[in-house]
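Peer 1: Chain by chain, the residues:
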Amino acid sequence: MSKPRDKQMTIDEVVAELSDGMTIGIGGWGPRRKPMALVRAILRSDLKDLTIVSWGGADVGLLARAGKIRKLVYAFVSLDTVPLEPNFQRARQQGTIPEVVELDEGMFQTGLYAAAQRLPFLPMRAGLGSDVLVNNPSIRTVTSPYAHPDGDFEELVAVPALRLDVALVHLNRADAHGNATYLGPDPYFDDLFCMAADRAFVSCEQVVDTAGLTVDSPVQRLLVSRMMVAGVAETPNGAHFTTCTPDYERDEPFQKAYAAAAGGSDDDWAAFEARFLAGDEDAYQAAVAAFHAEEAAK
Amino acid sequence: MSSSTRAEVCAAAIADAFKDDGEIFASPMGLLPMLGVRLAKLTSNPDLVISDGESLFLAGVPPLFAKGDVVEGWIPFRKVFDVVAHGKRHVMMGATQVDRHGNQNISAIGDFAQPKRQLLGSRGAPGNTVNNRTSYWVPKHSPRVFVQQVDVVSGVGPKRAKEAGPAAARHNDIHRIVTNLAVLDVGGPDDTVRLLSVHPGVTVAQVREATGFELAVPDGDVPVTREPTDAELVLIREVLDPKKLREREVPEEATK
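In order, the protein sequences belong to chains A and B.
Residue numbering for the first sequence follows the numbering used here, starting at -18 and increasing by one per position.
Residue numbering for the second sequence follows the numbering used here, starting at 278 and increasing by one per position.
Isolated chain B, as found in the complex (with noise of 0.2 angstroms):
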């Protein structure tokens, strides 16, 4: 098996955000967040409820983006409200900004009144992010995305959420941050984006110029991200992405 590319460390690293999980509804936004959960379904965590992304829960994976599994249950878009407020959901989303207190933010960019980019809108970011475990996937992780402060808040970080009150800190739980460069927690000082892992390759010290503000790194020497297994690779490779779209995301040029 030749050696991984980072698009394939990204896939098993957001594996493993979904691996302690238990037998909930993983939701990843992106194509990336996709592989990886699909990955932990077929590895570390079978228990793991998943859906097209449209309506349908699936009873097996298939390959990215692939039709006409077999179906174990529906979720239109009023369940998914229903899980969200339920619990039994982990949900990985992208981000346009995330900041040292791990706010995240998707509605607009500059003044809210008169934006210079509007963005998507807050779509779930804020329930979500109050009800279930939310992670992040930032496939370029640069200062212009990790920011001291977000322009708007859409997701909340833990910081945030405490000063909201119990009801806004009680199921607030920022698990993961994946990106292109390292694996990342909220579990700093004052609630700060933390650095776990940096990916092969990649040095403490890049991760810190590709960040805009001061991010908590642990004593000693920080952990280098897993490589996927050669099991996993096989799986990556021929059975959910045999397209090598992961590679257009992530694209291997850009790692050297």
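So here's chain A without its partners, still in its complex pose (with noise of 0.2 angstroms):
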């Protein structure tokens, strides 16, 4: 029986497949299932100068610091119970983005739905009378040419496309042709995300093989097919220390430690850079296990 093709591959070959200069989308939101693990691997590359679309958490903290960010566009950028994000502060404040376009959340998916259906753009209210408009000039307007039933035709936000080179997202379960299913409460827009890119890959928590990935959950969860998707890389673990419900929750206790290195000197970056980023995934997964062994031991 012929099969579709395997597109299994390693974190470190997706992030081999990215070059210069790249528009790169991620998914989750905020400090949800965010492909951590793909972050990480492009944190020991030297990829530079990339243009990074997100809903923002600690991917879009992480990749500042290390300075791989040439253009931002957000909405926020939140760990959730840290409000404000240190690394991306620090970034803001300091001037080292050299380009930063933010949009109300909203817009995002709007430019995103504009990018996976080749359009150059979609109207919307949100932005209207806000420094949205100001701050990015490039944005325009554009007018209805319906008359709304008062008379009137409205003048809307022309949201442009975010169209992107590459998506990256974490999904809980994949088969081997990248469809993959997510069964935690919310599908943030990960299928989006996939849509509106030239290339997209997929890491996830278990590649299982086709039938089992709705042997225990019903098939509404299947949220990305395979002819969206590129590669996919089986990654355990591969969302920390964002959730990935019901894998695992967010890693609080890291995540403050995270904030705290963030937020403190910059020997307390580094030694946090040392601990946990100086080598390869396997090794941040070790060094996540003995942080937990040591703080149950405190």
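Please keep in mind that the hints were generated in silico from the structure rather than gathered at the bench.
Careful: at least some of the hints might be erroneous.
Claimed, not checked - As a list, the in silico BS3-like pairs of lysine-lysine whose alpha-carbon atoms are at most 27 angstroms apart:
#: 1; chain 1: B; residue 1: 393; chain 2: A; residue 2: 52
#: 2; chain 1: B; residue 1: 439; chain 2: B; residue 2: 365
#: 3; chain 1: B; residue 1: 365; chain 2: A; residue 2: 237
#: 4; chain 1: B; residue 1: 393; chain 2: B; residue 2: 365
#: 5; chain 1: A; residue 1: 237; chain 2: B; residue 2: 521
#: 6; chain 1: B; residue 1: 417; chain 2: B; residue 2: 520
#: 7; chain 1: B; residue 1: 296; chain 2: A; residue 2: 237
#: 8; chain 1: A; residue 1: 237; chain 2: B; residue 2: 393
#: 9; chain 1: B; residue 1: 417; chain 2: A; residue 2: 237
Using the hints, put the two standalone chains together into the complex.
Peer 2: Written out as structure tokens, the structure is:
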């Protein structure tokens, strides 16, 4: 029987597909189901001048601190229980991200829809009257060709397509071909990121056979179709320290340690980097396990 | 029933902001707004639709941060955006700055290009304020929050919305600003922030002093914000917030 092709690869092979200056969309939402193993692999690479498009969390903070970002498109950057992301704050206050585009969080979705549908823009109200339009003068408005019942022709924001070279997303389960399911409470926008990108890479907690994707979960949880996916990387605990419900919740003690180091002195951050980010993904996961053993012994 | 604390007065004032909303999605951001919305659902407006702040509509009214209630719907972020654009929603957001014309800032303090202090980012404020009813909760009313002009306009006040045209103004509805001192709206002359009531024990002069712009104050006596009823106090103290988390956000000592 013929089968679709096997797209499995390692996280480092995914990152080898990226190049300097690319526009990369990162799935998940804030501190939730972020493809963190792929972000860490980017940190280890010599990639530079990236445009990052993200409803941001520590993905943005880490990439900003490492000086990987030339342009950032975001609506917020937050760790939820730590409302302000210290590395992102630091980068903005020191002016180390050369270009920023701050959008309303709904405009962000509309921009991805436009890209996914190969449209130049889609209209919406969000942004009108706000400084989103002042700080991003390239975002234009468009006048409706249809009269409103009140008689006026509404002038709306023409949200430009957020076209991506690459999308990186993390799902709970995937098969070798790129079909993938989310098992948590919210799909976020991972399917949309994949459709807005020329190529999408899915990392996942576990690769299972295709039948396994729906054996104990409803078919509606199949969020991403293989026709939108270029590669699949199994990387357990790969969303750490963000949530990956129900596989695991956010690692709050670790996030606290991250935020303290990011918001601390240069030495604090250097120590965090040396302990957690100097090695490969296996070394990271081992260092996290050691961190928890140490916390438990306290 | 012992007399109400300032935090409890605030909770009832927030509840009152949602009492006439009918059957819409109430989206409170932060602890006191969540308490106020749940109080409204248990008293003045049982039709309110509330969520767990994550992705579920809750059929019941659980205590703050409790889990495991009956679910009546699914509201992942993508559907939140649908409801925002549809309009059946009232969000109560925080505000790092609010200006005389009711514009709100949660983006950055100082120059946007290189801010003195980077905040969250504008989140959903630009979209909320031109699509659905929006209120603000300010736990510490001060001239640092209530400024002449916000550094970045995240949430759009009525004057800016009108200037941006009918598509912006049509659904702009800045409803209430509830603070630890007072209840305000944007019904002042030229769409400015106006004092509606002062909380028990607070004077108009105190509110003026804590506001960094010329506050519109109606002629005659300014009403005093109502105290919660005994039934409301039981709900606040014994059902919704037995751990008194509210008192940490609005400490009673600070009101003396």
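Peer 1: Could you tell me which of the numbered hints above are not met by this structure, giving the numbers in increasing order?
Peer 2: Hints 3, 4, 7 are the ones this structure does not satisfy, whereas the remaining hints hold.
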